[in-house]
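J.: Sequence:
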Amino acid sequence: MAKILITDDSEFIRTIMKSILAEAGYTDVIEAKDGKDAISKYKAEKPDLVLLDIIMPDMDGVQFLEQIQPVSSKICMVSAVGQKDMIDRAKSLGAVDYITKPFEKEKVIETVKKLLS
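The sequence shown begins at 1 in my numbering and counts up one residue at a time.
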């Protein structure tokens, strides 16, 4: 089973994402509260997929991507509408997809399945 790292400064968002993933059968899920926390968990856990918020305190999603080069996992940005420049920058650093907040359960599951297939 795939290992997934959810990185978001909102505990509410992490909880919702984890619940959606569990419903779809993904139970090996790690949570990180910000980019710095995510770096240590990324290096220790070596996830197959990272669901990565763009805007977070201390270290944002783009800074996280800059720190983990070369990228060895699939990275899916999770972004509010209107952050196109940051999404484009993230893609240039190895992100392969993005989910827009607020997200629908079906979109999360569809994107995760696509990226892990």
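Just so you know, the hints here were simulated from the structure itself, not pulled from any lab data. Among the clues, some could well be false.
To be verified - Pairwise CB distance ranges, derived in the manner of DEER restraints: (1) I55 to E110: 21 to 29 angstroms; (2) P70 to E23: 31 to 39 angstroms; (3) G25 to D88: 13 to 21 angstroms; (4) E106 to A80: 24 to 32 angstroms.
What the hints assert, rightly or not - Derived lysine-lysine pairs resembling DSS-like cross-links, with alpha carbons at most 30 angstroms apart: (5) K114 to K41; (6) K105 to K18; (7) K46 to K74; (8) K41 to K101.
The structure displayed is predicted, hence computed values, not measured ones. Here a beta-carbon is modelled for each residue, glycine too, at the ideal position from N, C-alpha and C.
J.: All hints are to be evaluated individually against the structure, with a verdict given for each.
T.: Structure-based check of all given hints:
| no. | hint | in the structure |
| --- | --- | --- |
| 1 | I55 to E110: 21 to 29 angstroms | holds (24 angstroms) |
| 2 | P70 to E23: 31 to 39 angstroms | holds (33 angstroms) |
| 3 | G25 to D88: 13 to 21 angstroms | violated (32 angstroms) |
| 4 | E106 to A80: 24 to 32 angstroms | violated (19 angstroms) |
| 5 | K114 to K41 | holds (23 angstroms) |
| 6 | K105 to K18 | holds (11 angstroms) |
| 7 | K46 to K74 | holds (11 angstroms) |
| 8 | K41 to K101 | holds (24 angstroms) |
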